Structures are given as structure tokens and as C-alpha cells.
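Chains as they are written, first to last, in the working numbering: chain Z, 1 to 348; chain F, 1001 to 1349; chain S, 2001 to 2187.
Rather than coming from a laboratory, the hints here were simulated on the basis of the structure.
Mixed in with the good hints there might be a few duds.
Sample of chain Z residues lacking proximity to chain S, with all beta carbon distances greater than 10 Å (derived) [unchecked claim]:
#, residue
1, Thr15
2, Ala16
3, Leu26
4, Arg43
5, His126
6, Ala127
7, Arg216
8, Gly280
9, Glu328
Examples of chain Z residues lying across from chain F (beta carbon under 7 Å, computed) [said to hold, decoys possible]:
#, residue
10, Gly84
11, Lys162
12, Gly166
Bear in mind the structure is a predicted one, so any value in this text is a computation, not a measurement.
All C-beta atoms in this analysis are idealised placements derived from N, C-alpha and C, irrespective of residue type, glycine included.
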Amino acid sequence: MTVTTVRPFPTRGHTARLPWPFPDDLTEFRYSVNVEPARVVRRTAAGEWGAHIVDLGGEEYGAIMADRRRILDADPTRVRVMPGMAPACWDLLVYYLRDLAASYPHLMELDETATPAGDRFHWRNHALGTDQVFVLGDAASLPCDPMTFLGREVPDDLLLVKERDGRLHFDAGLVTFAAAWSVSFDVGMSMDEIHQPVPGLTRAGITSRAEQFLRRLPADQVYRRVNWTLSASGTRKLDVSLEELPEWGTDIPALVRDEDWGRLQLRIEVEHFVRLPMTGAVTFNIRTHMTSLEEIRQVPAWRDQLARVVLELPDDIAAYKGFLDYREPAMAWLTAPVGAAPHVGGAG
Amino acid sequence: MSAPAVERAVERYPAHLHPAYATGVRSLRVVEVVRLTDTVRHVVLEAPDGGVLASYEPGAHLVVTTFPEVLPTEADQTEKRNAYSLTGDGVNPRRYAVSVLRRGDGGGSDWVHDALAVGDLVEVEGPRSSFAPRHDQRHALLVAGGIGVTPVLSHARAVVRWGGTCEIVYSYRPGHGAHLEDLRALAARPGVTLHEATTVEHTARVLAERFADQPLGTHAYACGPVPMLDAYVDAAAAAGWPEGRVHLERFTAPELDAGVPFTATVASTGQRLAVPPGTSLLTALLDAGHEVANLCRQGVCGECLVPVRSGALEHRDLVLSESEKSAGDRMLSCVSRGGHAGAEIEVDL
Amino acid sequence: MVSLSQTSLPTWAHTPQVEPVDPTGRVHTLVGVTGDGAEGDSPTGTAVREVVAGWQAASGSATLHVHLCADVAAGIAALEADLVSARVGHRVLVAGTADACLAVRAAAVRAGLADDELRFGVVAADVRTVWCVHCSATTAAAVGLDEDLTCSGCARTLVVYPHVSRRTGHHLGFMVDAEDQPWEVPA
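Take these sequences, add in the hints, and give me the full structure.
What follows is the structure, given as C-alpha cells:
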């Protein structure tokens, strides 16, 4: 490989892959249904992202999946599938395995054969060592349900939305990394039932427009959306679910007390929307990324933009996102010349 | 998100990487043609490379480009697009099959009967979901009249494929029961029963009986001619079924009057469109340069649904449920109109 | 604050009201959860019996199965026994406290009934059953929406969200400090 340009900032690894949530010229953030076509590569100040629907996470893939599998093993309620949703879970599994094999041909393979016993698939994931033969629709041919099988291969939280009684319902989900969400409570609810604890999203009818968007999602397009907040956790811990709240709930108060702003995390969620053809279910899959203010400070364009966006937010959105009380000292730390602020702790 | 930007991006980055998700306009080869009855022809299609085709929901249809000799509308039109229900279970298919009734009007169905032969390439689009089952149905009551058997057969096959249970009512004229043998074969399996009826009176009697004896959580589906669908709806109501459990697909819409004049505002541009009697909102939108997908233009297929922000509506379609109609946030632009003469509505386009 | 009409909480679960009999139903199961103990009729029980009597009078020619039960468990048992061989066309009407109605609704939904096959007559709405997201214990208490209670399982202080599970009839409760934390659901 020939290196022709030397970039001033790290262009490999975590930072280079990060789906920076703001366009270059954005200075004010407001909630919107900011969807765009999937698979479009976006360049950022530190690298690029977005070529594939599934972002394996480079060298972090193994660690992320070990964390995911640990949580699934310990807490089976992280997966919930409502009655009648098994076909949609198969639809999801086959779509994703086909997509993975096409996106990462050096790591993953899927062979398909029609047999008298049904459609036989042979899945090999050389990065994780998975080698599994299964028959579409035959639950006994997999070691677990199809949604869990997929959830143990990809870092995305998996949610399936389906229409009944004229409303979209979250009727199947596997969630280990989503913020302050309880899959065992929320699966089976309609979107407008779930939105109650999310005042920010009801503002200006955004939930209703998001629902309209999902309802009309065409079969021949795949869309994505990027969402962000400052994370509840002062570490790169991805699982800030309600279930593990006692584990992470004290992080931020301690971080604020110690003014340890470098540890504060920007949490970025990339959502993908695919209409699955066999069942009409729509995916609401979420890939979560974390990066610390310490890391963001290394990229001047990001540093300046994040500070501008966070400080400009109206108080109600900042309160909803949870950082109204500390955004000013945190952003002051971020934009202070390096060395001016005491360096406490570090990015994990 | 502006539409042109989306189109450019999609051109450069195909949405789906695997060929089994292609639903755009493409050619399939006719691999089998079977005469089911004097008037029904069964046509089986495959990808030219024999590969896997896009899966579909039970009850979906395939849009087929036909070349009828007698053209119903403009003289310069040389082709027509017809929607035909697929008869398979929709699971990872390698073949698409449709059964087409000869209408005898010189239209697309006659072309399928007279011109299509094994080996031909036909242009198709879809499948498109149009009459899908409820995923949470505990049991299904499937009612078919005449050629309405095609989506019902698809539903029944999917029920069997996924291990569910169903009852089928098939109303046909003796000698014209397309797919009767297929349904009888399905009924030989556990969890599937078939009730046949060959007269109007017999059909009404069977419907009354079957609606009175379905387990909790059952959803009912029917496809067939209007008189049978009326009998179906009446039987459901008499047995105390709530509307949400009674689904139907109509072939033809009733004749509609020209309707009232109204004004539609396009939310994204503020453009105001006057829609006079005899002109549909769909036509007004298309004439003004707005891309609105459409197919049947009779309020049957659901393709031309547009979201509505405000204004009184008169719904004249056969697609939306009563609760969807009363929500007032969407309409089928081909037949539905402003709620009264001079009404102002705002469409979210 | 989002209006409660948009949430998973039915209106009757926070404001007592009696819904009318659905005249299209062919068979009605009426379940009254009276809360009566060994010492005799409670005020709740009297109100519940009135609601059930009103429904009976308004049922026309439909077939009725009436069950007056002392507690939720007995109400659910009576309902489930009725529904074993029930056919579509059946309606279920439940009278009792909001908490009892939510619990019986969950059983009806499990049996395959949809919202338009269910009616409720709520005589009081002050007690709620709250499910702790941290330890999965449930705690029943006279507590308002957005108020706190102590979890009977893990002793954490939980805040009661106006967010109720159709599957269980329980309100969602989680650690009160979380209100100060950033959190959101995907949408």
C-alpha cells in the first residue's frame, strides 16, 4: 500500500470510522426526520463511514460481539418476539446474512441451495468462527431463534416494526446497547405508545412523521438516520439500558463533580430502515458508537462544531438530552487550548 | 432530503446488494403455461438466470406489462400494465405464478391467453403487497369467489408453510373452479379445512355457519366478486365480528360521480391546485409535475396514497379501513376528494 | 408534557369512567372484580356491582356470562375458563379498579381479543402496579403518575412512568435518579 497523503489527524481505527453526526456546515441542531439513503460514503474530518449497512467496527468487532454475547447469555429478556413475528425474524436474518456476505466477502460467506427439505443456507463468519447450516423457517435448524442468531453475529441492536390496526408496532426486538430502553417492556407497543417518555420527539409532530416515513418506506430503497447525544456513561460502555441503570447511573454525577470532562462520551446512533419483502416488516436497527470529548478534542473541526452545536441548543432540547446543567463547563473544557485545562483521567 | 439527491445517490449505491431483492421493472421468462379451466390460464415465470426471486407477502400482486390489441384509452398507447395476484406462499421463491381469467374485452388478460407462450420474456414489476395477512392472526378464515381464489391460495399456502391453521370457503361455478385441486390437496393437511359452495344460496349459508364458529383471534379475508363480498361482510356483521377482523380485496370499484370542486395545497411548495369535478387529485398532482405512484386509478390498489396535513376529506376508495379514513391524515388521490364543495386540503408532498 | 391521550395508558386507567356495551357483540363475558373481603361489601364492590348491573340491563338479546369475583386472580380465572371455547363475536367487559381492569385486560389480550372487543368500567384509579425494570419485581401502591415509590423487590426508589404494558397491565418504573440523566429511545 502506498501512502500518498499524510493527514494531520488519526485516520485509522475508531476515530477514523466514526459516523460524525453533523454535516460540515451545520451549526444548529434541531430534531427532524433526517433520513438519507443508506450505503452512501460520508467523509468526515477524520476519515469516512457509511459504505455498508452493517458497520462491523474494524478491529473492535470481536470485543463488541463478546460484550453483546455476554449480555444475551446473562439476560435472555433482551430479546422479545411477539406472536406471529417468527417469519419476520427469518426475513431479517436472511436479508442481513446476504448483505454481510456481499459487503465483507473476505470475512463472511453464505451459500444457498434449494433442497427437497427447504431452502438450505450455509453461513460462515471467519472473524467470529461461526459455521452454521440452517433451513429457512426451520427453528430446529438453528441453535437459537433467528433474531438471536443474527444478534450474535452483528453489533446492531435489532428492532422490527410492523403495522397492525393501522399503527406501527415494535413487535420484535433484540437490544443490548440502546440508551435507556427496556426491550422486555416496550416490545409489542405501538410507536405512539412508546414515545411518551421521549418529550423531545413529540415536539413538532416528529414521531408522527417518522411513523409516516416508515409506513411508506418503499421496498426498493434502504435509508438511514444518524442520532446523537452526550452519553449517560462516562466510559465507552455501550449498554446504558434501563436494566443496567444501577451500574451506570452514578457515572455522570461523579464525572460532573470531578470536572472530568475528557471522559464524557458523545453517543452516536446510526439507524437503518429496510422493508423486508417476505413479511413487510421494517427494520429499525441501531448501531451505537461512542467517542470521548478527549478524542473529539484531537480533531479541531469536530471540537469546534460540537461545542457550537451543543451550546446553541435551546434549553428544552438540552434538558431533554440531559446535559443542560453541565454543557457550558464541558464545552469550555473542550475548546480550551490543550494544556490550559488540567487533564484528568483519559479516554478508555 | 430532496428527491433528486435521493435518486442520484441510489443510482450510485444500489439499495440492496443481493439480487433476491430486485422488485423494479425487469424481464422474466415464461417457463410453464397451464390451462386450469376454459377461461383461466396459469402462467409460471422464472428469472432468465434461474436465480432466486424477491420474496413477497401472501396476497401480493405482480404488475405485468401486456400488449392488448384493443386499447382502452389513448390511441398512441401500445402497452398496458395489469396487476395479477401471485399464487405461491411468497417464501424465497424461484418461480412466480399467476392465474389469469380471460375477460374477453380485448385487454391485457386476453393478451395473456392468446399471445403468451413458454419461452417468452415478459416485463414485470414488483411483487407489491396489497392484501397481506395480519401477522398476529391466531387462525384464518379465507373466502374466495371465482378467480378471487388466487390471493386466497397464496394465503393458504403461507399458513401451511408457517405451521398455522385456516379454514377456506371457495365459491365457484361447477366446471370453473380454478385451483380446486390445489385447495383440496391443502385441506388434506392437518389444520386446514375446505368448504366448497357452488350456488349463491349455498355460499351465504356456509358463510353464516363458518363466521359463527371461528376461534378467538381469527382474522377473515375475502377476495371475489362484489355480491359475494357483500354477503361476506353481512355474514361477519351478523356473527358479531368487529370490523378490524374482516378484510377484503375487491376486483372492481363501483362507479363514482364526478365529485365536488376543491382546492389542494402542496405543503412543500405552497402551490395551490384547483381540482374541478371530473378531475382527480391524482391527475391534478401529476399535471403539476408531482411524482405520485399510481396503478389502478379506481381506489382499489392503494398505490396512490398521499399523506394529508389538514382539511375535510371525502373518502371514496376501497382500501382504507374506517379508522384510517376517520384519522383524516391520508387519502387515495385517484378517487377521494375534498369533503365538500370549495374544501381546502393540504397534502404532505 | 405530552397529553396522556397519546400514551399507552387508556383514559380509563387514570380517570374512572364506564364504557357502554357494544351492541354488535353476540356473547358477552362480564367480569366484576369487587375487592370484597370476608368482612362483607366494600365501597368498590358496591360500585362494581352497579356497573355490572347496568351492563346487563343494556345487553339486549346477547348471551351473557356474568362473574362477580373477589380479586383479580379469580376474575382472570373466570374469564379464561369462559374464553377456552369462545368464538369471534364474543365481547369482554371488565368492571373494577383501574389496576384490576389493566390486569384482566392483559389476560384478555393474551387470549386473542383486540381492543375493539373489550370494554371497561372503572370505579377508582388511585392504585397502580409498578414493574421494576431493574429487578422485575412488581409493587402495588396508591401512587400517582410521575410520583415515586419504593420497589418491593430491590428497595430502590422508582419513578412511575405513564407507560403501561398491554402484555402485563403493569406500569413502568425505574430508578428515580435516572430523571437527571440523558436518555432517549430511538425514533
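#### Entry: Status of the Lys162(Z) interface restraint (C-beta, 7 Å, chain F)
holds, 6 Å
### Query
Non-interface claim for Thr15(Z): all C-beta distances to chain S beyond 10 Å?
Non-interface label on Thr15(Z) holds, nearest chain S Cβ at 22 Å vs cutoff 10 Å.
#### Entry: Check on Glu328(Z) being off the interface with chain S, judged by Cβ distance over 10 Å
holds, 16 Å
### Query
So is Leu26(Z) really clear of chain S, every C-beta pair being over 10 Å apart?
Consistent with the label, Leu26(Z) stays out of reach of chain S, its closest Cβ about 20 Å off (over 10 Å).
### Query
Is the hint on Gly84(Z) kept, meaning its closest Cβ partner in chain F is under 7 Å away?
With Cβ-Cβ at 4 Å, under 7 Å, it holds.
#### Entry: Separation of Arg216(Z) from chain S, once the least beta-carbon distance is taken, above 10 Å
holds, 16 Å
#### Entry: Gly280(Z) non-interfacial with respect to chain S [C-beta, more than 10 Å]
holds, 19 Å
### Consistency of the no-contact label for Ala127(Z), given chain S and a CB cut of 10 Å
holds, 26 Å
### Message
A cut-off of 10 Å on Cβ-Cβ distance, and His126(Z) was said to be off the interface with chain S. Does that hold?
### Response
The claim holds: His126(Z) sits with its nearest Cβ about 31 Å from chain S, beyond 10 Å.
### Message
Hint validation: Gly166(Z) versus chain F, beta carbon distance must be below 7 Å. Holds or violated?
### Response
holds, 5 Å
### Message
Beyond 10 Å on every Cβ pair: is that true for Ala16(Z) relative to chain S?
### Response
Fine: 25 Å to the nearest Cβ keeps Ala16(Z) off the interface.
### Least C-beta distance between Arg43(Z) and chain S, which was stated to exceed 10 Å
holds, 25 Å
Of the numbered hints given earlier, the model fails none.
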